[in-house]
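Construct the entire structure; sequences and hints are all you get.
From first to last, the protein sequence lines stand for chains A and B.
The opening position of the first sequence corresponds to residue 1 in the numbering used here, with each subsequent residue numbered one higher.
The opening position of the second sequence corresponds to residue 1 in the numbering used here, with each subsequent residue numbered one higher.
There could be a bad hint or two in this list.
[As the list claims (entries may be wrong)] Computed, partial: chain A to chain B, Cβ under 10 Å:
#, residue
1, Leu6
2, Arg14
3, Gly135
4, Glu136
5, Lys190
6, Val327
7, Ala330
8, Met331
9, Arg333
10, Gly336
11, Ser339
[What the hints assert, rightly or not] Below, in silico cross-link-like pairs of lysine-lysine (DSS-like), each with a Cα-Cα straight-line distance of 30 Å or less:
#, chain 1, residue 1, chain 2, residue 2
12, A, Lys200, A, Lys189
13, A, Lys221, A, Lys110
14, A, Lys94, A, Lys221
15, B, Lys217, B, Lys62
16, B, Lys8, A, Lys413
17, B, Lys62, B, Lys215
18, B, Lys210, A, Lys413
19, A, Lys190, A, Lys221
20, A, Lys189, B, Lys210
21, B, Lys8, B, Lys62
22, B, Lys215, A, Lys413
23, B, Lys62, A, Lys413
Quick caveat, the hints were computed from the structure, so don't treat them as lab data.
Virtual Cβ for every residue (Gly too), placed ideally from N, Cα, C.
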Amino acid sequence: MSPILLFLEELRFRRWSFFLAVIAAALVAASLLGTRAFLAAHDRQTEELLDGVRERAEKRMAGLRDDARMFSRNLGFNILILPPDQDEATFYTKNRSDHFFTAEQINALKRMRFEFINHVLPMLRDTYFWPEYGGEVVLVGIEGQIFIKDPSFQTPMQEEIATGTIHIGSNIAHRLGLEPGKVVEMGQKKFTVTRLLPQKGNADDIAVLMNLADMQALTGKDGLFSGLLALSCNCQVGEVDPIRRELAPVLQNANVIEFSVIAGAREQARKSVAARAAEQMEDLKASRQALRKERELASQLLAGVISLCSLALLTALMFSNANARRVEAAMLRALGIRSPTLFALFLGKALLAGFAGGIFGSLAVFAVARIGWGISVPVTEVQLISVIAAAMGAAFIATLLPAWQTSRTDPAKILNQE
Amino acid sequence: MSPTLEAKSIAKSFPAPNGTISVLDTINLALAPGDFVSIQGTSGSGKSTLLLILGGLLHPEKGSVFLCGESLFDCSADRRATLRARHIGFVFQRFHLLPYLTVKQNILSGAITLQTAPGAARADELMTQFDLVRRAEHLPGRLSVGEQQRTALARALFHRPALLLADEPTGNLDPENTQIVLGAIEDFVTDGGAAVLVTHHPECAARAKKRFCIKNKNIEEIT
Chain A
1 MSPILLFLEE
11 LRFRRWSFFL
21 AVIAAALVAA
31 SLLGTRAFLA
41 AHDRQTEELL
51 DGVRERAEKR
61 MAGLRDDARM
71 FSRNLGFNIL
81 ILPPDQDEAT
91 FYTKNRSDHF
101 FTAEQINALK
111 RMRFEFINHV
121 LPMLRDTYFW
131 PEYGGEVVLV
141 GIEGQIFIKD
151 PSFQTPMQEE
161 IATGTIHIGS
171 NIAHRLGLEP
181 GKVVEMGQKK
191 FTVTRLLPQK
201 GNADDIAVLM
211 NLADMQALTG
221 KDGLFSGLLA
231 LSCNCQVGEV
241 DPIRRELAPV
251 LQNANVIEFS
261 VIAGAREQAR
271 KSVAARAAEQ
281 MEDLKASRQA
291 LRKERELASQ
301 LLAGVISLCS
311 LALLTALMFS
321 NANARRVEAA
331 MLRALGIRSP
341 TLFALFLGKA
351 LLAGFAGGIF
361 GSLAVFAVAR
371 IGWGISVPVT
381 EVQLISVIAA
391 AMGAAFIATL
401 LPAWQTSRTD
411 PAKILNQE
Chain B
1 MSPTLEAKSI
11 AKSFPAPNGT
21 ISVLDTINLA
31 LAPGDFVSIQ
41 GTSGSGKSTL
51 LLILGGLLHP
61 EKGSVFLCGE
71 SLFDCSADRR
81 ATLRARHIGF
91 VFQRFHLLPY
101 LTVKQNILSG
111 AITLQTAPGA
121 ARADELMTQF
131 DLVRRAEHLP
141 GRLSVGEQQR
151 TALARALFHR
161 PALLLADEPT
171 GNLDPENTQI
181 VLGAIEDFVT
191 DGGAAVLVTH
201 HPECAARAKK
211 RFCIKNKNIE
221 EIT
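Pasting the structure below:
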């Protein structure tokens, strides 16, 4: 018969009270570890919410990008490419060119793929005295776009104009009383009006758009092009160098002109979408962070309350155990067991309950976190050991006084009373 | 022959609301091996107090107790615990068996602190002597009162003490078990032990070789 056997037999005999002590210690461990698990679940939820917002923002961005693309497309081309020697003043004030790209250059461009521009449209621009109109009109000759980045998805910004047909500006239509279907004569050739252009408040209102070959024949500028219209892709105002570099192999030193109002609108639309998404993310992050702080405080308070309640329960259990063992302790003293040994027997039981409770409580939190929340508790080995040590510490503190009292009680008093 | 136990001028009082109550005064008692004394007295006369003092569990205010030639109260608490464990066997009216140990384990616990304790054979021998063999693996809660007291007596005798201190060991027993317990004490002293039996049953006290009575804080031999 050894004190160890005595210890184990007592443990087995009072197993339910030991089990309760283990549960109380487990509550201490679970409340401490549970705080971490709870916050980890919150962080995981935040990540999921942010992912959701991010995903929705990206979808919205894509949608808005499409909207912006359509909007800017409706605004029209935002890049004009002129031959290097073409004087811009002449082009703008006289609406005609005196320097041209050649058909060879345009044919070479047709074989290229572009990164920074899309919807490339060669055109010829000139003025023409139209007697029926009673003055000069602007002729614009175009053929189909020579480059569309994604033809299966994107439709041409400017439709082809069939030979023998014209689109006319609003001022011409108004002055001559024209409407689709009517036939007019230009340079002894008849053209059918197929479309009236909307009023724009610029030279386009006195423009006649026609097939490029028709115009070249009408003006005697066969195989010549005033320039190219295009849509920039890089979405940044003032960044035309990449376009210039891209064109350089065929159009050396071409003058790339940006319609900054249109490009700016496009850029602003995209930036606005990105800024809204970022704001939304930041707002969500901030509100989740605030909620996290509240939850952290609440869970820490709860953990403290549970720990204190568990400590109280442990103390009550240990006092009850010590009280039930007063006579037994006196008898053991009579049998020669010293009071430090008795003290150690009590504390050993408490530490074992704390250790078992620490393990049990931690495992319970791991299981709940895994099964209930689908997360792993972010805890290091040192932290886990600290949690188990805290459970053992709580059991130790709860047992200290009753164990000390019982082990120091005068056995004679108890045996005499009995 | 040197005495197993010698108590000299023992005095003891307890605190009370109006000062102290003196329970024992100038008690002298000596037991040699083979002595069997009984101590009688009315309730509260100090019989159990004297027994606890003789067993080194309670400090007297005055006087000294020598156990096998060594003063019990002039040594450390550890030494006193060792002397008690080695030389004394206790039996109480309420048995005080450890509830979580079987009969056999309770008997073995009689030498729990001794470096050189008798083996399981000694426990088996005592269980045979006290008719406890079929109860060997039972917990005290499942034993009859007589079986519990026989187990307590076996525990007290397990390590072959020099002195047996029995406080009302037959107080709760039927006549048959009373005879068994008293017979066992007589066998113990016949084998060279010394025994002190505290009782207020004259019939039990009469089985001792010497009878004492505590009256007015003093001990008197009944002749």
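We went through each hint and held it up to the structure:
| no. | hint | verdict |
| --- | --- | --- |
| 1 | Leu6 | holds, 7 Å |
| 2 | Arg14 | holds, 7 Å |
| 3 | Gly135 | violated, 121 Å |
| 4 | Glu136 | violated, 119 Å |
| 5 | Lys190 | violated, 121 Å |
| 6 | Val327 | holds, 6 Å |
| 7 | Ala330 | holds, 8 Å |
| 8 | Met331 | holds, 4 Å |
| 9 | Arg333 | holds, 7 Å |
| 10 | Gly336 | holds, 3 Å |
| 11 | Ser339 | holds, 8 Å |
| 12 | A:Lys200 to A:Lys189 | holds, 27 Å |
| 13 | A:Lys221 to A:Lys110 | holds, 20 Å |
| 14 | A:Lys94 to A:Lys221 | holds, 17 Å |
| 15 | B:Lys217 to B:Lys62 | holds, 13 Å |
| 16 | B:Lys8 to A:Lys413 | holds, 22 Å |
| 17 | B:Lys62 to B:Lys215 | holds, 18 Å |
| 18 | B:Lys210 to A:Lys413 | holds, 28 Å |
| 19 | A:Lys190 to A:Lys221 | holds, 19 Å |
| 20 | A:Lys189 to B:Lys210 | violated, 160 Å |
| 21 | B:Lys8 to B:Lys62 | holds, 9 Å |
| 22 | B:Lys215 to A:Lys413 | holds, 22 Å |
| 23 | B:Lys62 to A:Lys413 | holds, 18 Å |
Comparing the model with each earlier hint shows violations of hints 3, 4, 5, 20; every other hint is respected.
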